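Engineer: Protein chains in written order, with the numbering used here: chain A, 66 to 551; chain B, 66 to 551.
It is possible that part of the hints are untrue.
If you want a taste of the chain B side facing chain A, the calculated C-beta under 10 Å gives, among others [what the hints assert, rightly or not]: (1) Leu-201; (2) Ala-202; (3) Pro-204; (4) Gly-274.
Because the hints were derived from the structure by calculation, they are not lab data.
All of these numbers come straight from a predicted model, not from anything done at the bench.
By construction, the Cβ of each residue, glycine as well, lies at the ideal position given by its N, Cα and C atoms.
Number of protein chains: 2
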Amino acid sequence: MQFRPELDSSSETPIYRQLGQYFQRLIGNGELHSGDRLPATRELAGQLGLNRTTISAAYEWLESEGLIEGAVGRGSFVRGSATSKGAAVDWSRVLTPSAFPSTGSPASNAIDFSSSRPSEDLFPVDEFRACAAEVLADPRLQSLLQLGSPLGYAPLRSWLLERARAQGVAGPDDDILITNGCQQAVDILRRALTRPGTKVALEDPVYPGLRNLFLEAGGDLTGIPVTADGMDLASLRRALDAGVRTVVVTPSFQNPTGATIPAASRSAFVSMTRAAGAVVIENDIYSDLIYRPDGERPPRLKALDSNVILLGSFSKIAFPGVRVGWVIAPKPVIARAAELKQLTDLHTDQLSQAFLLRFAESGRLAKHEAVAIAAGREKLRAVEQACQKHLAECRWVLPGGGMNMWLDLPAGLDAGALRGLARQAGVDYLPGRYFSVSRPLDHGLRLSFAGLDSARIRRGIEILGSVVDQAMSSRDEASRPMLAFV
Amino acid sequence: MQFRPELDSSSETPIYRQLGQYFQRLIGNGELHSGDRLPATRELAGQLGLNRTTISAAYEWLESEGLIEGAVGRGSFVRGSATSKGAAVDWSRVLTPSAFPSTGSPASNAIDFSSSRPSEDLFPVDEFRACAAEVLADPRLQSLLQLGSPLGYAPLRSWLLERARAQGVAGPDDDILITNGCQQAVDILRRALTRPGTKVALEDPVYPGLRNLFLEAGGDLTGIPVTADGMDLASLRRALDAGVRTVVVTPSFQNPTGATIPAASRSAFVSMTRAAGAVVIENDIYSDLIYRPDGERPPRLKALDSNVILLGSFSKIAFPGVRVGWVIAPKPVIARAAELKQLTDLHTDQLSQAFLLRFAESGRLAKHEAVAIAAGREKLRAVEQACQKHLAECRWVLPGGGMNMWLDLPAGLDAGALRGLARQAGVDYLPGRYFSVSRPLDHGLRLSFAGLDSARIRRGIEILGSVVDQAMSSRDEASRPMLAFV
Chain A
66 MQFRPELDSS SETPIYRQLG QYFQRLIGNG ELHSGDRLPA TRELAGQLGL NRTTISAAYE
126 WLESEGLIEG AVGRGSFVRG SATSKGAAVD WSRVLTPSAF PSTGSPASNA IDFSSSRPSE
186 DLFPVDEFRA CAAEVLADPR LQSLLQLGSP LGYAPLRSWL LERARAQGVA GPDDDILITN
246 GCQQAVDILR RALTRPGTKV ALEDPVYPGL RNLFLEAGGD LTGIPVTADG MDLASLRRAL
306 DAGVRTVVVT PSFQNPTGAT IPAASRSAFV SMTRAAGAVV IENDIYSDLI YRPDGERPPR
366 LKALDSNVIL LGSFSKIAFP GVRVGWVIAP KPVIARAAEL KQLTDLHTDQ LSQAFLLRFA
426 ESGRLAKHEA VAIAAGREKL RAVEQACQKH LAECRWVLPG GGMNMWLDLP AGLDAGALRG
486 LARQAGVDYL PGRYFSVSRP LDHGLRLSFA GLDSARIRRG IEILGSVVDQ AMSSRDEASR
546 PMLAFV
Chain B
66 MQFRPELDSS SETPIYRQLG QYFQRLIGNG ELHSGDRLPA TRELAGQLGL NRTTISAAYE
126 WLESEGLIEG AVGRGSFVRG SATSKGAAVD WSRVLTPSAF PSTGSPASNA IDFSSSRPSE
186 DLFPVDEFRA CAAEVLADPR LQSLLQLGSP LGYAPLRSWL LERARAQGVA GPDDDILITN
246 GCQQAVDILR RALTRPGTKV ALEDPVYPGL RNLFLEAGGD LTGIPVTADG MDLASLRRAL
306 DAGVRTVVVT PSFQNPTGAT IPAASRSAFV SMTRAAGAVV IENDIYSDLI YRPDGERPPR
366 LKALDSNVIL LGSFSKIAFP GVRVGWVIAP KPVIARAAEL KQLTDLHTDQ LSQAFLLRFA
426 ESGRLAKHEA VAIAAGREKL RAVEQACQKH LAECRWVLPG GGMNMWLDLP AGLDAGALRG
486 LARQAGVDYL PGRYFSVSRP LDHGLRLSFA GLDSARIRRG IEILGSVVDQ AMSSRDEASR
546 PMLAFV
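With the hints as extra help, turn the sequences into a complete structure.
Structural biologist: If you want it as C-alpha cells, here you go:
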C-alpha cells in the first residue's frame with residue numbers, strides 16, 4: 066500500500082500529528098485493518114522525505130491512542146480500529162421493529178398510479194422563482210436564517226389564520242401551528258393525543274402514513290369502513306359507543322378512496338362526536354381540488370364544531386417538496402403541539418414558509434389553483450372514460466375531485482398478486498392491503514391519477530384492463546372442470 | 066348586526082347557497098351565537114336587493130344543515146354552531162402532559178446568554194443569497210419542488226459522506242440520512258433505539274432538548290456527571306455495568322458545560338462502550354469551533370469505533386434557521402431511521418438542502434467557518450477577562466471552543482432564584498436545573514456566549530457580577546447574628 070498523506074507545514078498542527086491523523090483516518094475508514102503492518106520508520110521517512118524522528122513521533126502518538134502496537138524487532142501493527150475489539154452491536158436486536166410492510170419502490174419506467182402527488186409538469190416554477198427572489202432580496206432575510214419560533218413564521222401564521230377566519234374555520238379560541246407538511250402535523254398530534262391503548266378510529270381503508278403513526282404510538286385502532294359517502298356513520302356511532310375518543314377523518318376526497326362525506330351528513334357527524342366528547346382531527350388537504358363543474362363544497366367539520374382540529378397544506382396544489390403544512394385548533398391543543406414541535410425539530414424551515422407566503426399573498430396560489438383544478442377535471446374525465454372502456458368488470462365510484470380513486474377487482478382476483486403482472490406490463494399502483502386497518506382489502510387497489518397527464522392515464526388504464534382480462538381468463542381456466550372427469 | 070355577504074352571480078354556486086354559506090361562516094367563527102335571531106326574509110331581501118324566495122331557500126338550507134331552527138310566527142334562530150351541543154372536549158384531560166418545565170422566554174432587552182446559537186450579525190447573508198440564486202436558476206429546480214427521498218437530497222448526501230470518509234468518520238458500512246437539524250436526528254434515533262424502560266445514559270448536565278426526547282420515549286435515564294474532561298469515565302463504567310446500552314454524548318464543547326473529552330480518554334471511552342455492546346450516539350455539532358490557537362482536534366469517537374452513530378450539522382457555524390442536519394451510521398441504523406423519517410415528515414425540505422450544498426461545495430462554508438472561529442476566539446477572550454474581573458467568587462472552566470460555558474455560583478446562592486434579579490438588572494441566562502438529569506444543579510448556570518458580541522459579553526458579565534455580589538451581601542447579612550442577641 067502506498068501512503069500519500071497531505072502534510073501542511075504552514076499548519077498549526079505539527080507534522081508528526083498530521084501524519085498520525087492520516088493513519089488514524091485510514092484505520093477509521095477501514096483502509097487499514099487489524100494486524101496490518103505499518104512501514105518501518107526508516108522506510109516511510111525515505112518515501113515521504115521526512116525525518117525519521119517525525120515518523121517515530123507519529124507512531125508513538127498512534128500507540129498512545131491505542132490504534133497501533135509495536136512488537137520489538139518486528140515493527141508496528143494496526144491494533145485495529147476499536148471495531149475489532151469486544152462485541153459488535155447487534156442492530157437487529159437493538160432497533161425498534163417496523164410495524165408494517167414497505168410499499169416497495171414504484172416500478173421504473175412504469176406508468177405510475179402509486180403516488181398521491183400533483184404532477185410536476187404543472188408546477189408554476191417561474192412564479193415560484195419570482196416569489197423566492199422577492200424573499201431573498203428582502204433586508205429581513207438575515208432574521209429568517211436565524212432560529213425562529215416553534216409556532217412558525219409569524220406573517221404566514223397571520224395570513225393563514227385570517228383566511229381561515231374568513232372561511233369560518235377559525236374562531237377566537239383557535240390558534241395555528243406550522244409543521245413540515247401534514248404528515249408532521251399528524252405525528253405531532255398523535256404525540257399530543259395518544260397514549261398506549263388510546264382508542265382511535267380511522268377510516269378503513271386509510272392512508273398508511275396516518276395509520277402507521279398511530280400504530281407506533283401504541284394506539285388501539287378501529288377501522289371505520291368508508292362507503293361512497295365517506296366514513297360510515299353507523300359504524301362510527303358503534304365505535305364511539307365502544308369508547309373511541311379520537312377520530313381521524315378526511316371528509317373530502319379521502320385517500321385512498323376518493324370518497325366525500327355529503328354536506329347533509331356532516332352535521333350528524335359532528336353532533337355524534339361532539340356528544341361523545343371525542344377529539345376529531347380533520348385532514349383537509351384535498352378539499353380545494355373540486356373537479357366536477359356542479360361540485361358543491363360541503364362545509365368543513367371545523368365550521369360546524371369549533372373543537373375540531375383542522376389540518377391544511379398547499380402540497381396537493383403545488384410544490385410538495387417544500388414541506389409546509391399547518392394545524393388550526395383550540396389554543397390548548399396548539400400550545401401542547403408547539404412544545405412537541407420544538408422537541409421534534411425546533412421549527413419548520415423559515416425560508417420555505419416565507420416563499421410560500423409570497424406565493425399565496427401575491428395571488429399566485431389562487432391563479433395556480435385554478436390551473437390545477439382545470440387540469441384535474443381533464444384527468445378525471447380520462448379516468449372515467451378509460452375505466453368505462455377497459456375496466457368494465459371492475460367496480461369504482463368516480464370521485465368529485467382530489468387525487469385518488471378506489472377500484473375493486475372482479476371476484477377472485479387479488480390486487481397484491483396482480484401488481485406483479487401489472488408492473489411487468491408497465492403500470493404500477495398500490496394494492497388495497499397497504500391501506501387496511503382492520504378488514505382485508507385484497508380485492509381493491511388505489512389509482513392515484515393526479516401525477517399523470519391524461520394520455521398516460523388512458524394508456525395506463527388500458528394496460529391495467531388487459532392485465533385484469535388476462536387474470537380473469539386464467540381464473541376461469543383454473544376453475545373450469547377438467548373434461549376427463551366430467 | 067349588518068349583513069354584508071359577498072355574492073357572486075357569475076359563480077357556479079347558486080346565490081341562495083352562497084348566502085347560506087355566508088351565515089354558516091358567521092356561525093362557525095362565532096359572530097352569530099346560539100339563540101340569535103336572523104332577520105325576517107322580507108327584511109333581508111330588502112336590505113340585500115334579493116328576491117324573498119332566495120332568502121327563504123338560504124334559510125331552508127341552513128335549517129337542513131342543522132344550523133338554524135324556525136319557530137312559526139317568530140322567525141329563524143341560530144341553533145348554535147354544534148359547539149353548543151353536547152359535551153365540550155376537556156383538553157386538560159385529553160392532552161399528554163409536558164414532562165418538564167418550560168425554560169421561559171428570554172427577558173426582552175436583556176443581554177441574553179440563554180440561547181446556544183451563532184450571532185446573526187456574522188451571517189454571510191450575501192453569500193447565502195448567491196447560493197440560493199444559483200439553485201433557483203437551475204433548470205432542475207422543478208424536481209426540487211416535487212416530493213423527494215426520505216434519505217435526503219442525493220447530491221448533499223454524497224458530498225457529506227465523501228467529506229466524512231476523508232475525515233475517517235465514515236466507512237464502507239456507513240450510510241447517511243438528512244434530518245431537520247440535529248434535534249430531529251435525536252428524535253428519530255430515540256424512536257429507532259428506545260422502548261419504554263430502555264436504559265439510556267446522558268451527560269449530567271445535558272441539553273434539555275435531548276433529555277426531554279428520551280423522557281418522552283419512556284427511557285430510563287442515567288445522568289453521567291460531566292467533569293472538566295467531559296463525561297466521567299468511571300461513572301460511565303458503572304452505568305454500563307448496571308445495564309445501560311445506549312449512551313448519548315457530545316465529546317467536544319458539550320452543551321451546557323463546554324467540556325471536551327481529551328484525546329487520550331477517547332480510546333478508553335469506545336473500548337468500554339464497545340465491550341458492553343452499547344450504542345453510542347455522538348453529537349458532533351460543536352467540534353469545528355476550536356478557538357484556542359494551540360487547540361488540537363481530538364479524534365471523533367466515530368473514527369475510533371465504526372459502530373458509533375454520528376450527528377452533524379452546519380447550524381452552529383451559520384444559518385440555524387435553515388433546518389438541515391444529518392446522521393452517519395451503520396446501514397441498518399440508517400435504513401430504520403429513514404423509515405421513521407418518512408413517517409414523521411416524508412423528507413427534509415429540498416430547497417434548503419440544495420442551498421446549503423451550494424454554500425458548502427463552493428468553498429463559502431469553509432471561508433465563513435474561519436470567520437466564525439476568529440470571532441469566537443475574541444468572544445472567548447472577552448468571557449475569560451470579564452469573568453476574572455467580575456466573577457472572581459464563582460468557579461468556571463474556560464472551554465476551548467463552542468458556544469457555552471458553565472458557571473458555579475458561590476456557596477449558598479441559587480441560580481434559579483438569582484435569575485429574577487439578573488433579568489431585572491438586564492441580563493439573562495438559563496439556570497442549572499433546566500439541564501439536570503439526576504443531580505441537583507441549582508448552584509450552576511449556563512452562559513451561552515456565541516450569540517453576543519464581545520462588548521455585550523463584557524457588559525453582561527459585569528452586570529451578572531454585580532448581581533452576584535449583591536446576592537452574596539444579602540446572604541452574609543442574613544447569616545450574621547443580630548447584635549441584640551449577642
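Engineer: Next step is simple, just say for each hint if it's right about the structure.
Structural biologist: Now for the hints, and whether the structure bears them out:
1. Checking Leu-201(B) against chain A: minimum C-beta separation of about 5 Å stays under 10 Å; hint holds.
2. Checking Ala-202(B) against chain A: minimum C-beta separation of about 8 Å stays under 10 Å; hint holds.
3. Taken as an interface hint, Pro-204(B) checks out: its beta carbon lies about 9 Å from the nearest beta carbon of chain A, inside 10 Å.
4. At its closest, the beta carbon of Gly-274(B) sits 6 Å from a beta carbon of chain A; the interface hint therefore holds under the 10 Å criterion.
Violation of the numbered hints given earlier is absent; every hint is satisfied by the structure.
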